[in-house]
Amino acid sequence: MSHVTLKGNPIQVDGHLPAVGEKAPAFSLVAKDLSDAALANYSGKRKVLNIFPSVDTPTCATSVRRFNEKASQLDNAVVLCISADLPFAQARFCGAEGLSNVVTLSTMRGHDFLKNYGVAIASGPLAGLAARAVVVLDEQDKVLHTELVGEIANEPNYDAALQALK
1 MSHVTLKGNP
11 IQVDGHLPAV
21 GEKAPAFSLV
31 AKDLSDAALA
41 NYSGKRKVLN
51 IFPSVDTPTC
61 ATSVRRFNEK
71 ASQLDNAVVL
81 CISADLPFAQ
91 ARFCGAEGLS
101 NVVTLSTMRG
111 HDFLKNYGVA
121 IASGPLAGLA
131 ARAVVVLDEQ
141 DKVLHTELVG
151 EIANEPNYDA
161 ALQALK
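Numbering-wise (full-length UniProt numbering), the sequence shown opens with residue 1 and increments by one.
Rather than coming from a laboratory, the hints here were simulated on the basis of the structure. Please note that the accuracy of each hint is not assured.
Beta-carbon label-pair distances, calculated as ranges [claimed, not checked]:
1) Gly21 to Gly95: 16 to 26 Å
2) Asn41 to Pro10: 33 to 43 Å
3) Gly44 to His3: 31 to 41 Å
4) Gln12 to Ser35: 30 to 40 Å
5) Ala127 to Ala61: 14 to 24 Å
6) Leu34 to Asp112: 17 to 27 Å
7) Lys7 to Ser28: 30 to 40 Å
8) Asp14 to Arg109: 10 to 20 Å
9) Gly21 to Ala96: 36 to 46 Å
10) Asn41 to Leu86: 32 to 42 Å
11) Gly44 to Gly128: 27 to 37 Å
12) Asn157 to Ala127: 22 to 32 Å
13) Ser123 to Gly44: 22 to 32 Å
14) Lys166 to Gly128: 10 to 20 Å
Glycine included, C-beta positions come from ideal geometry on N, C-alpha and C.
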């Protein structure tokens, strides 16, 4: 169990982020076409998992925009933006923003992901959603970098995440 804050108020988060050097837990989430998308679908690519509560909040939307901008400069890498939003909302947001360098995935049928990746918000007004975190994986799904953002309203450290890919 971890603790973060939401606007200064303590929030309990269940599970533990995978540790650097570990193999990332397998997952199955929902793609924008409602198909199942597994971690294995991205085998052979480096992955940045941008995990957040909802694209309908300013900080979450900013993180998707920033990673979309940075993703165009990455070789053999994919940015997976993971939230509880329905695939329809994720697609609408990316379409309206003109974002095409990130892949959106929903936890709507992948609730195990939240606990397995240590991001399950267990208390407070966002209970049931994902805490803000970044997990970077190599081509074989070995964890290169993790960050559980201490204040949910803050942005992740983009530079540290992308540096792990160099």
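Go through the numbered hints given earlier and state which of them the structure violates, listing their numbers in rising order.
Of the numbered hints given earlier, those the structure breaks are 1, 10, 13, 14, listed in rising order.
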